[in-house]
Amino acid sequence: KQEVTQIPAALSVPEGENLVLNCSFTDSAIYNLQWFRQDPGKGLTSLLLIQSSQREQTSGRLNASLDKSSGRSTLYIAASQPGDSATYLCAVKLPGSSNTGKLIFGQGTTLQVKP
Amino acid sequence: EAGVAQSPRYKIIEKRQSVAFWCNPISGHATLYWYQQILGQGPKLLIQFQNNGVVDDSQLPKDRFSAERLKGVDSTLKIQPAKLEDSAVYLCASSLVRQGSGIQYFGAGTRLSVL
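As they're listed, the protein sequences go chains A and B. Take the first sequence: its position 90, counting from 1, is numbered 90 in the working numbering, and each next residue is one higher. Heads up, the working numbering is the position in the second sequence plus 115, with the first residue counted as 1.
Derived from the structure by calculation, the hints contain no laboratory data. Given the structure is predicted, the values throughout are model-derived calculations rather than measurements. Take these hints with a grain of salt, some might be off.
Said to hold, decoys possible - Below 30 Å or equal to it, Euclidean Cα-Cα: the simulated DSS-like pairs (lysine-lysine) are:
#1 B:K177 x B:K126
#2 B:K198 x A:K1
#3 A:K68 x B:K159
#4 A:K114 x A:K1
#5 B:K186 x A:K1
#6 A:K1 x B:K126
#7 B:K126 x A:K68
#8 A:K42 x B:K130
#9 A:K102 x B:K159
#10 A:K68 x B:K193
#11 B:K186 x A:K42
#12 B:K159 x A:K42
#13 A:K42 x B:K193
#14 B:K159 x A:K1
#15 B:K177 x A:K42
#16 B:K126 x A:K42
#17 A:K102 x B:K177
#18 B:K177 x B:K159
#19 B:K193 x A:K114
Unchecked claim - Label-pair restraints from in silico Cβ distances:
#20 B:I153 x A:V20: 35 to 43 Å
#21 A:E17 x B:K130: 41 to 49 Å
#22 B:S173 x A:G16: 14 to 22 Å
#23 A:A10 x B:E183: 35 to 43 Å
#24 A:S46 x B:T191: 22 to 30 Å
#25 B:K198 x A:E17: 40 to 48 Å
#26 B:G155 x A:D67: 21 to 29 Å
#27 A:L19 x B:W137: 35 to 43 Å
#28 B:Q156 x A:P115: 38 to 46 Å
#29 A:P40 x B:I218: 21 to 29 Å
#30 B:K130 x A:R61: 40 to 48 Å
#31 B:S228 x A:N18: 34 to 42 Å
#32 B:K177 x A:A29: 24 to 32 Å
Every residue gets a Cβ at the ideal spot worked out from N, C-alpha and C, and that includes glycine.
Build the full structure now, drawing on both the sequences and the hints.
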């Protein structure tokens, strides 16, 4: 059974700091891995998606890496800003087609960036 | 492009009462998902539809939860009767079948409090 864990549960950093959020999963047989952002009272927004054959994806100040063999992914945020404060969730898609594989979510890391 | 619409945004009921949530996916998205997100946890898939058909409902408590998707567009999720442990945010998401990555787009959710 696939399980996804995110550590730490909460993180507080001063503005401008670079930071890393961690995600681990128990079964390396995945279709892809996604990082989402969730703001209070709102739904999830997809930030980055890494296919199982890829090692990393970048978007602006965000960089996500994937190491399937070790069951780990990291989300690197450069030069953090107060607007980055949110809960970050990682999710693995189980094998199957792109639309039938189930997403298994971690519990999230709540990030606070202090001005 | 309009996003995934959900209503109501908030609902407070007493245990043993019934409640229904509504979701309108992004136009043209054949796949629709209902997730349950308990406070402090990641979303858990309850049911997935492909057009009118159910793809996965393995984690739907079928003794009290039901869902339907009429004409492959809008969907309703019903709980009858509600229990205290059903207090959560119920998220609806949709994705485009032909999109290779199957990225899911989420609505803002319905926050349910069962007293």
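Evaluated hints:
Proximity of K177 (chain B) to K126 (chain B) is assessed by CA-CA distance (about 21 Å); at most 30 Å being required, the pair is judged to hold. Of the pairs offered as hints, the one joining K198 (chain B) and K1 (chain A) holds, with about 27 Å between alpha carbons and a cut-off of 30 Å not exceeded. This hinted pair checks out: K68 (chain A) and K159 (chain B) have alpha carbons roughly 22 Å apart, not beyond 30 Å. Note on K114 (chain A) and K1 (chain A): the hinted pairing is violated, with a Cα-Cα distance of about 38 Å set against a maximum of 30 Å.
Under the criterion of a C-alpha separation no larger than 30 Å, the hint pairing K186 (chain B) with K1 (chain A) is inconsistent with the structure, at around 34 Å. This hinted pair does not check out: K1 (chain A) and K126 (chain B) have alpha carbons roughly 33 Å apart, beyond 30 Å. For the hint linking K126 (chain B) to K68 (chain A), the alpha-carbon distance of about 41 Å lies beyond 30 Å, and the restraint is violated. The hinted pair formed by K42 (chain A) and K130 (chain B) meets the criterion: a straight-line CA distance of about 25 Å does not exceed 30 Å.
A C-alpha spacing of about 10 Å is found between K102 (chain A) and K159 (chain B), which places the hinted pair at or below 30 Å, so the restraint holds. A C-alpha spacing of about 38 Å is found between K68 (chain A) and K193 (chain B), which places the hinted pair above 30 Å, so the restraint is violated. Distance restraint check for K186 (chain B) and K42 (chain A): the Cα-Cα separation of roughly 27 Å lies within the 30 Å cut-off, and the hinted pair is therefore satisfied. Distance hint between K159 (chain B) and K42 (chain A) is fulfilled; the C-alpha atoms sit about 16 Å from each other, no more than 30 Å.
For the hint pairing K42 (chain A) with K193 (chain B), the CA-to-CA distance comes to about 21 Å; that is within 30 Å, so the pair holds. Of the pairs offered as hints, the one joining K159 (chain B) and K1 (chain A) holds, with about 14 Å between alpha carbons and a cut-off of 30 Å not exceeded. For the proposed pair K177 (chain B) and K42 (chain A), the alpha carbon gap of about 27 Å is at most 30 Å, so the pair holds. Restraint check for K126 (chain B) and K42 (chain A): satisfied, since their Cα atoms lie roughly 15 Å apart, inside the 30 Å limit.
Restraint check for K102 (chain A) and K177 (chain B): the C-alpha separation of about 19 Å stays at or below 30 Å, so the hint holds. A distance of roughly 15 Å separates the Cα atoms of K177 (chain B) and K159 (chain B); the hinted pair therefore holds under the 30 Å criterion. A threshold of 30 Å between alpha carbons decides the hint, and for K193 (chain B) with K114 (chain A) the separation of about 41 Å lies outside it, so the pair is violated. For the pair I153 (chain B) and V20 (chain A), the beta carbons lie near 27 Å from each other, so the given range of 35 to 43 Å is not met.
Our hint of 41 to 49 Å for E17 (chain A) and K130 (chain B) holds, since their Cβ atoms are close to 45 Å apart. For the pair S173 (chain B) and G16 (chain A), the beta carbons lie near 45 Å from each other, so the given range of 14 to 22 Å is not met. A C-beta distance of roughly 38 Å is found between A10 (chain A) and E183 (chain B), which places it inside the suggested range of 35 to 43 Å. The hint said 22 to 30 Å for the Cβ distance between S46 (chain A) and T191 (chain B), and at roughly 25 Å that hint holds.
Between K198 (chain B) and E17 (chain A) the beta carbons are some 43 Å apart, a value that agrees with the proposed interval 40 to 48 Å. Between G155 (chain B) and D67 (chain A) the Cβ separation comes to about 27 Å, which falls inside the hinted range of 21 to 29 Å. Range check, L19 (chain A) to W137 (chain B): about 38 Å between beta-carbon atoms, so the 35 to 43 Å window is met. Between Q156 (chain B) and P115 (chain A) the beta carbon distance is about 29 Å. The supplied range of 38 to 46 Å is therefore violated.
For P40 (chain A) and I218 (chain B), the hinted distance range of 21 to 29 Å is satisfied, since their beta carbons lie about 23 Å from each other. Separated by about 45 Å at the C-beta atoms, K130 (chain B) and R61 (chain A) satisfy the suggested range of 40 to 48 Å. Between S228 (chain B) and N18 (chain A) the beta carbons are some 39 Å apart, a value that agrees with the proposed interval 34 to 42 Å. A C-beta distance of roughly 28 Å is found between K177 (chain B) and A29 (chain A), which places it inside the suggested range of 24 to 32 Å.
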